[in-house]
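As given, the protein sequences belong to chains E and D, one line each in that order. Mapping the first sequence onto my numbering, position 17 (from 1) lands on 17, and the numbers just tick up by one. Mapping the second sequence onto my numbering, position 56 (from 1) lands on 167, and the numbers just tick up by one.
Derived from the structure by calculation, the hints contain no laboratory data. Just so it is clear, CB atoms sit at the ideal spot from N, CA and C, and this is done for glycine as well. It cannot be assumed that every hint is accurate.
Non-contacting residues of chain D with respect to chain E, defined by C-beta distances greater than 12 Å in every case (computed) [to be verified]:
| id | residue |
| --- | --- |
| 1 | Val115 |
| 2 | Gln117 |
| 3 | Ser129 |
| 4 | Gly139 |
| 5 | Ser184 |
| 6 | Asn186 |
| 7 | Arg188 |
| 8 | Ser195 |
| 9 | Glu212 |
| 10 | Phe216 |
A few chain E residues that face chain D, going by a derived Cβ cut-off under 8 Å, partial list only [what the hints assert, rightly or not]:
| id | residue |
| --- | --- |
| 11 | Tyr50 |
| 12 | Asp62 |
| 13 | Gly105 |
Derived list of chain D stretches under chain E, where covered just means 3 residues or more per stretch with a C-beta under 8 Å from a C-beta of chain E [claimed, not checked]:
| id | segment |
| --- | --- |
| 14 | 156–167 |
| 15 | 201–208 |
| 16 | 217–224 |
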Amino acid sequence: DAGVTQSPTHLIKTRGQQVTLRCSPISGHKSVSWYQQVLGQGPQFIFQYYEKEERGRGNFPDRFSARQFPNYSSELNVNALLLGDSALYLCASSLLSGEQYFGPGTRLTVT
Amino acid sequence: AQSVTQPDIHITVSEGASLELRCNYSYGATPYLFWYVQSPGQGLQLLLKYFSGDTLVQGIKGFEAEFKRSQSSFNLRKPSVHWSDAAEYFCAVGSFNFGNEKLTFGTGTRLTIIP
């Protein structure tokens, strides 16, 4: 079975631009979560979606938004990019059983 | 608020030697605890988890961890490390209620293996 997939793998943006990251969960998983991992730190929780509804939000500014589609895939949007948004963005899916399965991540570089 | 502390930023171990990575957590209720491993440029792979029951849990790749409530610890161990174990290791505590779930991670321990 395919694991969690994320696209793109890498991207480079300029300050002030907007970016959209995509995630496809494991088949059958209805919960998707997003995490930001800055270099040298542990992942930090951004959002959780379940059945297309936002179920949790971490301590991130309103420039960060997300949505989940009927097929349970998800997008993370970040507006007005700052240098500090440079990070590895991880998507995880789950059956709400407590175990989250992570994708390979999208490496975002803001210049 | 939940939190995780991994006191060791970097550990170096000889191949074949034993390993223990420390993790301390803060959580108001019975914790759900996890260890994840991350190879350079990769996502996170779940090594093992503790939800309830036996406080010594077995995971993949020969890893085990012991939950000690009195010490608020969940240390990861392996009796004999292999060069392929070199990676970043993250301890996490999870909260799950009413369809909400969230993991709080420590800052990680980087493991280097020397021949």
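Going through the hints against the structure:
no., hint, result
1, Val115, "violated, 8 Å"
2, Gln117, "violated, 8 Å"
3, Ser129, "holds, 24 Å"
4, Gly139, "holds, 17 Å"
5, Ser184, "holds, 17 Å"
6, Asn186, "holds, 17 Å"
7, Arg188, "holds, 20 Å"
8, Ser195, "holds, 18 Å"
9, Glu212, "violated, 6 Å"
10, Phe216, "violated, 3 Å"
11, Tyr50, "holds, 5 Å"
12, Asp62, "violated, 19 Å"
13, Gly105, "holds, 5 Å"
14, 156–167, "holds (count 4)"
15, 201–208, "holds (count 4)"
16, 217–224, "holds (count 3)"
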